[in-house]
Structure formats: structure tokens, C-alpha cells
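Can you join these two chains into the complex? Each is in its own frame, and there are hints to help.
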Amino acid sequence: MKPRRVLAIARKESIQIRRDPRSLGMAIAMPMLLLVLFGYALTLDVDRVPLVVWDQSGTPASRELISRFAGSRYFSLKGYVQDYRDVERAIDSGETLMALVVPRDFAGQIESGRPAAVQLLADGSDSNTATIAIGYAEAVVQAYSRAITLDATQRLGARPLNPPVEMRTRVWFNADMESKNYIIPGLIPVIMMVIAALLTSLTIAREWERGTMEQLISTPVKGPELILGKLVPYFVIGMFDVLLAVLMGEFVFHVPLRGSLLLLFVMAAVFLVGALSLGMVISIVAKNQLLANQLAMILTFVPAFILSGLVYAISVMPWPIRLVTYLVPARYFVSLLKGIYLKGVGLSVLGGEAILLVVFAAAMVALANFKFRKKLV
Amino acid sequence: MDDSPNNNAVVVKDLERRFGKFVAVNRVSFEVKKGEIFGFLGPNGAGKSTTIRMLCGILAPTSGSGTVAGFDVRTEAEKIKAHIGYMSQKFSLYEDLTVEENIDFYSGIYRIPPEKKRDRKEWVLEMAGLREHRHSRTSVLSGGWKQRLALGCAILHEPPVIFLDEPTSGVDPISRRQFWDLIYELAGKGVTIFVTTHYMDEAEYCDRIGLIYRGELIALGTPATLKTELMQDDVLEVSCERPQEAMEEISRLSGIKEVALFGKSLHVVTEDGAATASMLRAVLPEKGYAAPRVEPISPSLEDVFVSLIEARDRAETPQREVQG
Numbered sequence: 001m002k003p004r005r006v007l008a009i010a011r012k013e014s015i016q017i018r019r020d021p022r023s024l025g026m027a028i029a030m031p032m033l034l035l036v037l038f039g040y041a042l043t044l045d046v047d048r049v050p051l052v053v054w055d056q057s058g059t060p061a062s063r064e065l066i067s068r069f070a071g072s073r074y075f076s077l078k079g080y081v082q083d084y085r086d087v088e089r090a091i092d093s094g095e096t097l098m099a100l101v102v103p104r105d106f107a108g109q110i111e112s113g114r115p116a117a118v119q120l121l122a123d124g125s126d127s128n129t130a131t132i133a134i135g136y137a138e139a140v141v142q143a144y145s146r147a148i149t150l151d152a153t154q155r156l157g158a159r160p161l162n163p164p165v166e167m168r169t170r171v172w173f174n175a176d177m178e179s180k181n182y183i184i185p186g187l188i189p190v191i192m193m194v195i196a197a198l199l200t201s202l203t204i205a206r207e208w209e210r211g212t213m214e215q216l217i218s219t220p221v222k223g224p225e226l227i228l229g230k231l232v233p234y235f236v237i238g239m240f241d242v243l244l245a246v247l248m249g250e251f252v253f254h255v256p257l258r259g260s261l262l263l264l265f266v267m268a269a270v271f272l273v274g275a276l277s278l279g280m281v282i283s284i285v286a287k288n289q290l291l292a293n294q295l296a297m298i299l300t301f302v303p304a305f306i307l308s309g310l311v312y313a314i315s316v317m318p319w320p321i322r323l324v325t326y327l328v329p330a331r332y333f334v335s336l337l338k339g340i341y342l343k344g345v346g347l348s349v350l351g352g353e354a355i356l357l358v359v360f361a362a363a364m365v366a367l368a369n370f371k372f373r374k375k376l377v
Numbered sequence: 001m002d003d004s005p006n007n008n009a010v011v012v013k014d015l016e017r018r019f020g021k022f023v024a025v026n027r028v029s030f031e032v033k034k035g036e037i038f039g040f041l042g043p044n045g046a047g048k049s050t051t052i053r054m055l056c057g058i059l060a061p062t063s064g065s066g067t068v069a070g071f072d073v074r075t076e077a078e079k080i081k082a083h084i085g086y087m088s089q090k091f092s093l094y095e096d097l098t099v100e101e102n103i104d105f106y107s108g109i110y111r112i113p114p115e116k117k118r119d120r121k122e123w124v125l126e127m128a129g130l131r132e133h134r135h136s137r138t139s140v141l142s143g144g145w146k147q148r149l150a151l152g153c154a155i156l157h158e159p160p161v162i163f164l165d166e167p168t169s170g171v172d173p174i175s176r177r178q179f180w181d182l183i184y185e186l187a188g189k190g191v192t193i194f195v196t197t198h199y200m201d202e203a204e205y206c207d208r209i210g211l212i213y214r215g216e217l218i219a220l221g222t223p224a225t226l227k228t229e230l231m232q233d234d235v236l237e238v239s240c241e242r243p244q245e246a247m248e249e250i251s252r253l254s255g256i257k258e259v260a261l262f263g264k265s266l267h268v269v270t271e272d273g274a275a276t277a278s279m280l281r282a283v284l285p286e287k288g289y290a291a292p293r294v295e296p297i298s299p300s301l302e303d304v305f306v307s308l309i310e311a312r313d314r315a316e317t318p319q320r321e322v323q324g
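Protein sequences appear in the order of chains A and B. Under this note's numbering, the residue at position 268 of the first sequence is numbered 268, and the numbers go up by one with no gaps. Under this note's numbering, the residue at position 256 of the second sequence is numbered 256, and the numbers go up by one with no gaps.
Just chain B, same shape as in the assembly (with noise of 0.2 Å):
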């Protein structure tokens, strides 16, 4: 792949932005190539709005460096707002406005030539599915129906970049299914689509997906990559009888390094997949267990983060106490 930096959308180094003592994004780099889908994954006070706030050049980083669309983050933020669209985690349209007013209104901040004003409005309303509601005000919408608008005013003049900062939270999961569909629509016209998120299903729709955790980017990666390259451990799926107490029994062995409950069977994380697989599979029975299921499988995006986190929480941290 071409990766010259007309190619990427957004390249991030060292970006840094402090409050005070504290550091809420801590040097962090990458780059979104045009056209991608980018994820931003972390939990919720990771990082992932101030760095977005970053990029949209409404918040100025305290060192570091960027470019979005190809204009720089530090000095060239007003070029950036006319090249991207921002969506922000709070809705953030005008709710005593109708629908039709809140477009009107974004139309003209981003001067849409009078000749599009129409088209554009029209695509709007149908993308939100809101043509009924035009004169409706904002307020009395619902969540996904906010949402889309509200995507629909950001991208009103059609910005090669868009913004998403956690755009489902608080939808139903029909808005949300509908939600990404919009946003691989917008994707297969070659837009790029910054999102952040902390749902994992979500992350897995992405392309390339960055983990932020307190404030650092701790991997970077297709979700196949991340699962494959970035797991260290294996898992292994373990259906037998009496799962809880065969759970306690299991964690009690060596070389098992976590034992969780899922649905009715059980995930092992251990450093060696095969030898373990071959003892429990010996030990079970043994303990009274009959004809235990054991089987490797793929870890999900979730095993692959919640390892990460705690690797990263054991390596900063190692005075304090692992809890088992």
C-alpha cells in the first residue's frame, strides 16, 4: 500500500494536550489513510474526545504535531473546519429549531451554493428518514433520529473527513445498525470516517482500529491483525459439566493465566494452547468431569483489549496489587 502522505488523511506525532498536571493524551501517533474507517476504541476518560477536539482544531494541542485533510492542526485549524465534518458526543443542534431550520441554518454557515442548498437539504431528510418531520423542532425527536440529523448538518457540504465522537451512544440498536450503514455508505464514496467508540461490536465494523488507554495509543491495527499479531495468549473454550465449579477447579493449575464464564462454557487464557488443551482434557475427567469439550478458538476484539490492559496495568503499575 501507498503510503506517501498525500495518502493519508490524518497523520498524528507526538500529540500531546494537558489539563493542568494532567495528561490526557499522551504522545500519541498515527495515521488514517484516505478513505479508511478509523476507529478509536478506549474506555470512557481514555482520551479519545480531547484527541478528536485535537484534530477538528477546537482544541490546541500543548506539543506535538499533525495534519488532517493536509493542513496542520496548530496553525492551520480555521482550514481544517472547512474541510471536515464534526459530529459531537452531545447533540449539539438547536432543539427550540425544526429540522428544517437546524439544516437551513448549518447551510448557511457552510455556504452551500444556492443550487446545491436544495439537493442537499433533500438528501438530508431522506438519509435521516426525517422527511415527514421537517417542521417538526429538534426536541421532540428521538435518539437516532437526532443522531442522523445531526450527521447530516455536520457533513452538509460534503467534507473529505468526517469526525465521529461516539455517534451511537445512547441509540436503540436498530439506530445504531442503520447509523453504520450510513457510515459505510459515506465510506464507499471514499470519505474518511474518524469514529470513536467504546462498543466492541462497532469496532469490529472498522477497518483499523487504535486503542487509547489513559491517554495512550497502546495498539494500532486491523481488528484481524489485533487478534491474531497482538494476542499473545491463547483461548480456549471448555464445555463441560458443572461449569462454575469446574471454573474454580481449572484456575487453581498451572500455566492457566485467566478462567471467565461465557454463557455456558468457559474461556481459558493460557500462554500455551496445545499442552493445555491436552491436560485438561486428561485432568477434567479425572476430577469428575465426564467428557469435557476443549477447543481452541479465536479471541474475540474483547479478550485482545482486556489483555492489553491489564499487560499495560501490570507493566506501569507493578507495585500494586494484581487481584486474582
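Next comes chain A alone, as it looks inside the complex (with noise of 0.2 Å):
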């Protein structure tokens, strides 16, 4: 391996970079883009549920009823209706997800002491939010129902009634349970993924493409002296996009940082080696750009998206699929980021993670530098 070798690759490479805006785009625009889009799109948080009413008693009673959902941050209360055509109309245009519709006997009912029903019309088909936003529903309900019998207990002069079981609820690391601060953390390595890969299927296979390779490889140069002249300067666009990306962690997302930065860098590069490294065996055995490209967007996005334990807990899923996520380096570096973001964890504990992405790096260094081959055909 001669240093000056290295040097001339590295340093040509990055001219190549430079004067090209699509890789520069690619390198510099993308990530952002995604961690803009991703960040903002992605979160898993059911909060501001719009909602219409129907208040057909018109009593002191409901309005205070229907104070208590406009408050709360989980519904926004986009306006009240006067029957169930409009109630129709309203979830069908996917204006609002529910309805709260309010009898006319409401107030009267809760004045003689017998339970109320108010109907509540959930459009059902993103089942998942359907479900979170009843349980809101539920829970502005029962403290409702809580503040009449406090009342009526109290005017009774009676002590008020304990409930016999209570659950106190405490969530560690994310105690908001804000789902960017898992989010965050979680893309950086699905994005840099994507991007590393994307950055050096081209490169080879650009050069084969181009017909610079046959030149190339009838001179001394060595196979791994490419190799790393080539990693070089794509190592140092991905480094700058971890920095770009927890730049923005901090200052877009607000997501804190409790663990060590400089073991979120050191990781990060094992990373960026391995993602790197992949896109070059992509690109050596493509030997085509349009194909190199298309084989690292498939093989890195949809298993580092999906098995990498981002989107769904790997915990969960059926054990074949389990046993398929140990082959998703994703899958480690998004475990070390969350320990490290959100539980200020060190290699103490993800010593594991750390070992099989170290195991990961040296495996695509080895096979990018296996399988070139200085020979035509």
C-alpha cells in the first residue's frame, strides 16, 4: 500500500465530486431533505385530533363537556354541526376525525342522577389513530364524570371517595413520549445507510462504465490502494452528514443528547466504513451504474428501514423476521444511537452492538477488496 497511490485517488475523487452536483446533491441535499421529511412526517404522536360537535342539548352542561375536549391538546375542535348528514359529510371529506354528538336529554339526566350517553363517531380507518384518539376520548370523559360525582359527593358532605387501585404510571428515557426523540436518532443510521451506499455503487462502476478502469488497472496501482482512495473522500461527506444530522437533532428537533458524542462519532465511522465498503461491492460486481445504483437503494433502504427496529420494534416481530434483522447493520446502529441519545447508555451496555458493527465494517472492507479484481472480464 504506497501513501501517494492513496493520495492521487483520493485527491482525483474528489475533484470528480466536486464539479459533479449530482453526487454533491446526493452527498450534501438528501440527507437533510430526508431528516426534514422523516422527522416531520414520521411521527408515530396522535395529538390534535380534529373533531366536530353536535351539541343538541345546549346546556351549561354540555358546553362545559365540550370545554373539556376543545382544552385538551389532543383534540382541536374544528367546528359544530346541526345534524348526521353534516357529521357524514364532515368524516367522509376526512375533514375531521370524530364527532361527539351530545343528546338533547344531557344535561337532565345528569341533573336526576342517571348516567348520560354521549355518542362519539370515530372514522375507523386508520385504525391505529381511531384507537388512540377513543382512548383520549375516554380519558376527557371519565374526569368529567369524576368532577360530577366529586361534586355531588362533596355537596353531600360525604369525604370523597378513593378509588381502590390506582396505577402510577412512570416512562423512563423519553418521558414526554415524544416519538421524534426515538425518530431522530433512529433515521440518522437509515439515512446514512442509504446515502453511503448510493455515494459509492457509482464509483466503480462509473469507471468500468466509462472505460477509465481498463487504463487503470494496466498500471501498478493495487487493488486496496483504490479502494481506500475511494473511501476517503466519501468518508469525510458521510462524517460531515452526522454531524449535519445531529446538528439538527439539537437545534430543528430538539432531541436531547444524554449520552457520549464522541461515542456517537467513533460509531458512526465504523458505520460509514461498512455502508461505504458495501456500496463498493455493490459497485465491483455491478460493474453498471444504473444497475449499482438500483441494488444499493434496494438493499439498504427496505431492510434498514423496516428491519432495523426504527419503525417496529424488532422484540415484536415473528422469529424468522427476527432472525432476518441480525443481518441489517441498521439494526445495531440504531440500538447504540437510541442507548446513546435517549438513555446516555455507553459501550457497557451496547458492547454487542458496537462488536457486530466493527464485525460488519471489516466484513465489506474484506469483500470490496476480495472481490476487485485488476482484469478484464
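Wrong hints could be hidden among the right ones.
Unchecked claim - DSSO-like mimics (lysine-lysine), calculated; alpha carbons at most 30 Å apart, straight line:
# : chain 1 : residue 1 : chain 2 : residue 2
1 : A       : Lys-371   : B       : Lys-21
2 : A       : Lys-222   : B       : Lys-121
3 : A       : Lys-375   : B       : Lys-33
4 : B       : Lys-287   : A       : Lys-375
5 : B       : Lys-227   : A       : Lys-375
6 : B       : Lys-79    : A       : Lys-375
7 : B       : Lys-21    : A       : Lys-374
As the list claims (entries may be wrong) - Not everything, but these chain B residues come out facing chain A in the computed CB check (under 8 Å):
#  : residue
8  : Arg-74
9  : Glu-78
10 : Lys-90
11 : Leu-93
12 : Leu-97
13 : Glu-100
14 : Phe-105
15 : Arg-111
What the hints assert, rightly or not - Simulated restraints on C-beta separations:
#  : chain 1 : residue 1 : chain 2 : residue 2 : range
16 : A       : Ser-14    : B       : Glu-132   : 22 to 30 Å
17 : B       : Thr-62    : A       : Met-317   : 44 to 52 Å
18 : A       : Leu-7     : B       : Arg-131   : 21 to 29 Å
The set of hints was computed from the structure by calculation and includes no laboratory data. All residues carry an ideal CB built from backbone N, CA and C; glycine is no exception.
Have a look at this one:
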């Protein structure tokens, strides 16, 4: 391995990247775009559920209930309607997800101490959101009922009744249960995996396609020198992307970073070497830019997105799929980043994942060197 | 002349390359002496590029052996690569890099010592006539410039053997001439040059020529030897009135192998030049072509190659109809 040759290749490759707006855009703009896009779109939180109300009762009691809905951050009052046709239209058009119907005798029933019924209509086409929203609505109604009961008992002069069992919930690590706090750290590996593999997937295939490789393999340059020289500039770009993502996590999404920043960057570097080398392997095998590009997309994006534990928890997957996830390197980096970001833990806990990432990177580097041949055909 | 192996830059013995069932190069054997300009001639698809790629160590031979600059093509390909310059058929520098950046890149790849780096770069720029264009992107250069720059980058490390695969295809005649001046200059310094071409005039510039046809080497020698020894037939130049009509008359005569129009005159190929000449001088005036001039001429390389290739085709496929 001669440093001068590695340097010559790295320099040549950087000039080519600088002059190719496509690869520059892919290297810098795409990660930011993906982070913003997924960071906002992929919120799994349900809040501000649009709601319409048909208040048939029109009494202080019904208005009190409605104001509890309107005042909650989980609902957003879209307006009042006067009949079922309007309710139907509002749900059909997607203007609202829920409708609350308060019957005419609502206040009278409460007054006389009999249970009063309110109707809740929910759009079940997105069952996940509907289930969560119904839960919120039940909580609002229960709180209101409890307030009425409390009121009544106090008026009777009795001591308020305590519920026999009370569950005290405490959520660790992401106390506000904000999905962005785990989505953003999880997104970084997915985006890096895709961008890194896409970037390097073109680099060797392009030289075969343009005929420049034939010239290069007739020189004394060695395979490892060529691969290392090509990795260097993309590694710099990749680390810049990581920095960008961390900064965006801090200042745009306000994700708390509890663990070691140094550990984060070291592990990112290891992961990046693996992902870049994977792209290189694809490029060496495909020898054709279009094929290499598509292979890189298919082999990285889908597994990294679905099987890394970013969106779906691996522990609840069926066992055959759980086995497959062990082959997805993004999985280890997702665990590492979630651990570093949310739990603030270090290598004592995440050592296994870190070792597997190192194994992945070493395997990919070895494979790229093994697959590259200084021969035609 | 000394024929000891260390006087040869290239030695090839029964070199063969197959692609599946197709035999691209069929057991070829030849030698190229040091300092020689060796021309490898043949039609497209004859196996010229395949041979050159095997010699450069970028394509593994299926069988046979060979050495280039004293290194084995099968086992020491990487050592060969340090001692040769190779220029492929297609322009193979980086079009998105400037002239200077391309030179710098290859100077790094060949690890030109820092003290020589500058001189070598200036030499390439001077040789290619690109001093004024050192900061231009390679993509905007004309064919001739690209060719010379590619040659310059391939020989930055001053290799003793240079392989050029159709270096002048698609280049204008003046650039071609300049390119050959460069080749002569390098050969004058003792560099061995192995060049493939399908231009007959370029073949005449070579010290020795090998003719490859359908993967087989069918002739080998200096241009002069090929023209005198390998051409079994004689060629007569016939000048007379109405050459087109005369051509038909002549082709019907006995002992005539081929008649072709060459400018205003005819080239007649025959086994016995003297007999045919006297016969033509007698027969033509009788048929109404007054005062014909019939002269024996030395065949051109093209005549030689056409006759060799036709002889080969006749020998290989006797069942095939020879078109008359």
C-alpha cells in the first residue's frame, strides 16, 4: 500500500465529486431533506385530532364537556354541526376524524343522577389513530364524570371516595413519549446507510462504464489502494452528514442527547466504513451504474427502514423475521444511537452492538478487496 | 541479428484466449525485439485488442505463455504493469478533470519521484501541444489532443515497452502524422512499441508487422519481406483506353486471378507475370484497345493482405462458394 497512490486517487475522486452537482446534491442535500421529511412526517404521536360537535343539548353541562375536549391538546375543535348528514360529510371528506354527539336530554339525565350517554363517532379507516383517539376521548369523558361525582359527594357533605387501586405510570428515557425523540436517532442510521451505499455504488461502476478503469488496471496501482483512495472522500462527506444530522437533531428537533458525543461519532465512523464498503462491493459486482444504483437502493433502504427497529420494534416481530434483522447492520447502529441519545448509556451496555458493527465494517472492507480484480471480464 | 531472449521485449508462445466457445486469439506465437516498432494488423474483431490486453496483464490468457519486458504474462502481470505503458482503443482519461489534473493523477499512480514530476509534466504538455490548455477540461479537447495526452499519461514513468491499441482511429490525417512522429521519436530512444492498426499506410511505418486474421497470426515479417516473399502472385499495372470495359475482357482470359480498377489503370494479379504481360500486350490491341501499357509493379501491403486473407479463406472453407 503506497500512500502516494492512495492520495492521488482520493484527490482525483474529490475533484470529480466537486464537479458533479448530482453527487454533491446527493451527499449534502439529500440527508437533510430526508431527515426533515421523515422527522416530521414520521411522528407516530396522535394529537390535535380534528373533531366536530353536534350539541343537541345546548346547556351549561354540555358546554362544560365540550370545553374539556376543546381545551385538550389531543383534540382540535373544527366546528359545530346540526345533523347527522353534516357529521357524515365531515368524516367522509376527511375534514374531521371524530364527531361528538351530545343528546338533547344530557343535562336532564345528569341532573336527575341517571347515567347520561354521549355518542362518539370515529373514522376507523386509520385504526391506529382511531384507537388512540378513542382512548383520549374516554379519558376526557371519565375525568368529567369524576368531577361531577366529586361535586355531588361534596355537596352531600361526604368525604371523597378514593379508588381502591391506582396505577402510577412513569415512562423512562422518553418521558414525554414524543416519538421524534426516538425517530430522529433511529433515522440517522437509515439515512446514512442509504446515502453511503448510493454514493459509492457509482464510483467503480462509472469507471468501468467510461473505460477509465481499463487504463487504471494497466498501471501498477493495487486494489486496496484504489478502494481506500475512493473511500476517503466519501468518508469525509459521510462524517459531515452525521455532524449535520446531529446538529439538526439538537437545534431543529430538540432531541435530548444524553450519552457521549464522542462514542456517537466513533460508532458512526465504523458504521460508515461498512456502509461505504457495501456500496463499493455493489459497484464492483454490478460494473454498471444503473444496476449498481438500484441494487444499492433495494439492498439498503428497505431493510434499514423496516428491519432496523426504527419503525417497528424488533422484539414483537415473528421469529423468522427477527432472525433476518441480525443481518441488517443498521439495526445495531439504531440500538446504539437510541441508547446513546435516550438512555445515555455507553459501551458497557452497548458493547455487543458495537462489536457487531465493527464485524460488519471489517467484513465489507474485506469483501470489497476480495471482489475487486485488476482484470477485464 | 541476436535472437537471444534477453534481446526481446515481447515473446509469445501459443497464446490463446477463448470467450466461452469463441476463440478470440488462437495459439499465436511471435517475438518483438527491443527498440522495434511492431505493427499488429488485422480487420476489426481479428483479436488485436484481445492480444494486446493479455500482454498488458489485464486479461488472463486461456492457455499458452508469454513474457513482456522479461516478466511472465500469467504469473507476473503486476510486474509487467510497472514496465509498460498502455493506451487503450477508447479514450480512457477522466473527461471531467483538466489536462493538468489527469497528468498529476497518473504521476501519482506511477509514483514519479518529486524531483522529476515537474519535468515529466512539462514534457507531456509540450509533446501533446497542450501548454496553453493545461487548465482545460479534457472533455473539450479535440481527438488528436486527447490521443497525445493519453499517450503522455501512459508513458509518464518512461516504460521500456509501450502498447498502443489503435491509437489513431478517428483522428484527422495531420494528427495521425504527428502521432507517428512521436512514435518514431520514442523508438529512436530505444523504446519498444507494439501498435495495432487497420490502416495500411501506418503498417508501412513499422519495422515489422504481424497480420492477425480470425484470431490467427497468418503472416509475420518486415513490410519489404511480406511484399516480396509472401506474395506468390505477380501484379501488373495495365493502362489502356476504356479501362472498365477492358477489365471485363481481361478477367475472361486464362491465367488471370484478379483484376481491379486502380484509379485510371488496372491491377492484374496473375501467377506468371512475364507470360501474362506479353499475352496482354498481344491480345488487347486485337480487341480494340490501342497501345496498352503493361508494367510489372511491386504489390502494395494491401495487395499482400488481401491475397493472404483470400488464400486463408479458400484453404479454411473449401465448401464455401468463392464469389467471382
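Evaluated hints:
1. A:Lys-371 with B:Lys-21: Holds, at about 25 Å.
2. A:Lys-222 with B:Lys-121: holds (23 Å)
3. A:Lys-375 with B:Lys-33: Measuring from Cα to Cα gives roughly 26 Å; hence the hint holds.
4. B:Lys-287 with A:Lys-375: It is violated: about 64 Å lies between the C-alpha atoms, which goes past 30 Å.
5. B:Lys-227 with A:Lys-375: violated (38 Å)
6. B:Lys-79 with A:Lys-375: holds (14 Å)
7. B:Lys-21 with A:Lys-374: At roughly 24 Å apart (the allowed maximum being 30 Å), A:Lys-374 and B:Lys-21 satisfy the hint.
8. Arg-74: violated (12 Å)
9. Glu-78: holds (6 Å)
10. Lys-90: Status holds, d = 4 Å.
11. Leu-93: Given a least distance of 7 Å, the restraint on B:Leu-93 holds.
12. Leu-97: Hint on B:Leu-97: holds, closest Cβ of chain A at ~6 Å, below 8 Å.
13. Glu-100: Since chain A brings no Cβ nearer than about 11 Å to B:Glu-100, farther than 8 Å, the hint is violated.
14. Phe-105: With a minimum Cβ separation of about 5 Å from chain A (threshold 8 Å), the hint on B:Phe-105 holds.
15. Arg-111: The hint holds - B:Arg-111 has a Cβ within 8 Å of chain A, the shortest such distance being about 5 Å.
16. A:Ser-14 with B:Glu-132: 22 to 30 Å: holds (26 Å)
17. B:Thr-62 with A:Met-317: 44 to 52 Å: holds (50 Å)
18. A:Leu-7 with B:Arg-131: 21 to 29 Å: holds (26 Å)
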